[in-house]
Amino acid sequence: MENLVRTAATQAADWIVVLPLVLALLGAALALIMRNNGRVTFFLALLVVGAMLACEIGLIARIWENGPVSMTMGNWLPPFGISFAADLFGALFALTAAFAGLVVIIYAETERTAAEGRDGFHALVLLLLAGVTGSFLTGDLFNLYVWFEVVLIASFGLIVSRSSALQLDGAVKYGFLNFLATALFLLALGLVYGLLGTLNMADIIGKAWGAHPAAMTAVGALLLLAFGMKAAAFPVNAWLPASYHAPPAAVSALFAGLLTKVGVYAILRSLVVLLPGSRDVLEPAIAVAAIGSLILGPLGAIAETNLRRAMGFLLIGGIGAALVGIALATPSGIGGTGAYIFHSMLTMTGLYLVAGLIERATGETDTRRMGGLYAQSPALSIMFLVLIFALAGVPPLLGFWPKLLLIEASLQFGDGLGIALMLALVFNAVLTLIAGTRLWAHVFWRDREEGLRPEKAGSRRLRYGAPAILVGVIIFLGIWPNLLIAAAKIGASDVIDPARYIAAVGLAGGAP
Amino acid sequence: MDSALALLAGLFVAAGIYLLLSRALIRMLMGVLVLGNGTNLLIFTAGRLARDGVPIVPPGLEQAVGPIANPLPQALILTAIVIGFALFSFLLVLVYRAYQVLDCDDTDAMRLAEPVDAPKPPLSY
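Respectively, the protein sequence lines represent chains G and L.
For the first sequence, this note's numbering assigns the number 2 to the initial residue and increments by one for each residue that follows.
For the second sequence, this note's numbering assigns the number 15 to the initial residue and increments by one for each residue that follows.
In case anyone wonders, no lab produced these hints; they're calculated from the structure.
Ideal Cβ placement from N, Cα and C applies to all residues, glycine included.
Treat the hints with caution; some may be incorrect.
Claimed, not checked - Covered, in the sense of this in silico footprint (three residues per stretch, anywhere, with C-beta under 8 Å from a C-beta of chain G), are these stretches of chain L:
hint, region
1, 32 to 44
2, 55 to 69
3, 73 to 82
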C-alpha cells in the first residue's frame, strides 16, 4: 500500500523526466507543419533543443542532489504503467545528445540550400532526438523498443534524404540490419515477458534472480546480439562503414554521435543492471566483442581511403572501448564506460562535421585526391588534429579520462581477461593515432598537384563555428574533468547497485 | 496447443533467417516479414492461450478465477504489428527505389557504398 501512496499523485516537478520528450515530439510535429516556411523551422528547432537542454540540466541537478527520478504514466502502479526513470547516466547522455543535436542543427543550416528547405530535415532531427532521449530515459523494456523504432524511422528518413544512388545503397544495408536488430530485441522482449511477467525495468531487476538461469542467459545473449548490432560492435559491425558515409555530413555526424551510443547504453542497462546473472555468463563474449572492435576498428581505418568511411572504422574502435567497462562490470569500469559514451558522442559528432568541412573544401571524398589543405585552412587542420588526439586519448583532452578509468579498471580486475582488455585499449590508442595522423598527413600536410577549388567565403565563420564549439568543450572538459569523473562515479554506483533506482520507481520492498 | 504454436514461431524465425541469408533483396524482404510474424507469434504464445473465461478480475478478488489469456501481450503485438508494418513498407519502397536506381537486386552487385577493388591507400605520405 506504500506504493499506492507514493504514486497516487505524480508531482508536477516529476514531469521534468518526460518534458524533453514532449518538447521534441511537439517540435517535430510543428516543424513538419511549417516545413514550407523557409528558415522558420531552423529557429523552431533551435528553440526546442534549447528548451530540452534546459530541462535536462534541471533534471541532472535534481538527480545529483536526490538520486534517480521517475514518473509513471496515468498513475498506474509502477509494475503495470509505463515508467520513465532517469538515473544520472541516462540524464547525462540525454543532455549530451541534445547538445550534439544542437551543434548539428547549426552546422546543417550552413550546408543546406534553399531548395532543400522543404524536405522535413528539422522535423526528422527532432524526431530522432526524441527517440534517442526516450531510449535514455525510459524505465520500461517495451517502451525502449518503441523508442528504438522511433529512432529507426527518423534515421530512415534522414539517410535517404537526397536519394542519390550511393545513399540508396547505404540505406538498404542500414535498413535491413537495423530492422533485424530490432526484431531480435522484440523476440528477447517477448521471452522476458513470458518468463518474468513484467517489462518494467525496476521490476525485472528483482524478478530476474528467481527465473531459470539458462533461459535468462538465452535472453541476455539475444539482447547482446540485438544491441551489439545497433552499436556496431565486432563481429556485427559491417553495416556501419557501408552506410554512414552515404548521407550528407550533418546527418552522418548525428548518426555517429548518437545512434551507436544508444546501442551501447542499451547493453549497459539490459545486461549490467537488469540481468547481471546473464552478464556474468556472457562475460567472455562481451570481452571478445570489445577486443575485436578495439583492434579491428582502427586497422580498418588505416586501410581506408574514403575519409568518412575511415571515420566509421574509428567509431567502431570507440564502441570497443565502451564495451570494456561492460565486460568488467566493476564500479570504475562502468564509470569509464559512461564517461567514454559521453566523450564519444561529442568527439565523433565533431569529427564527422570536420570531415564534412574537408569534403566541402576539397570537393572530394577520397583522401588520395586530397592534400595541401593546411595552407588553405589552418583552423580546420587544428580542429581535425585535436579531435583525433581526443579520440586516441592523448592527455590534456577529454578522451584521456575515460580511457584512464577503463585501463585502471582492467588492471584492478587483474586476471588474464583484465590484462587482455588493457592491452587492447593501449593498442587501440596507438592504432587510432596512426590512422588519424595518417589521414591528417594525407589531407592537410602533403602537397597537392593541382590548385584547390576556391571556397566561397560566405558563412565560413558560422560553418567552422559548429565543430569549433565541440572542440572547445572537448579541450575544456579535458583540462577540467572533475565534474565528469564525479558524474561517472555516481552513475556507476547506481548501475552496480540499482537500489536507489528501484526505490525511485516506487518498488522499494514491493518486489515479491 | 502452446507447444505447437511455440514450434510454429520457431519455424517462422528459422524460415525468416534462411530467407534473410539470400542475396536477392526481394527474398530478404520476405524474410523480414516472416521473421517479424514469428516474433509476434512468440509474444502471443507467451501470454498463454485460453479460450474460456474473460481476463477480468471479479470484484473482491486479487486475481481472476481459472486460466485466462493475458491481454497485455496481445496489446504489445498490436503495437509491434503496426510498427513492423510501417518499417516494412518503408523497406519495400526503399528496395524498389534501389532497384530502379542501381538496376540490380543482388546484394553482391550493390557495391557503390563499398567499392570492391578500390585502389590501395597510398603507402607514403
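Hint by hint, here is what the structure shows:
no.	hint	verdict
1	32 to 44	holds (count 3)
2	55 to 69	holds (count 5)
3	73 to 82	violated (count 0)
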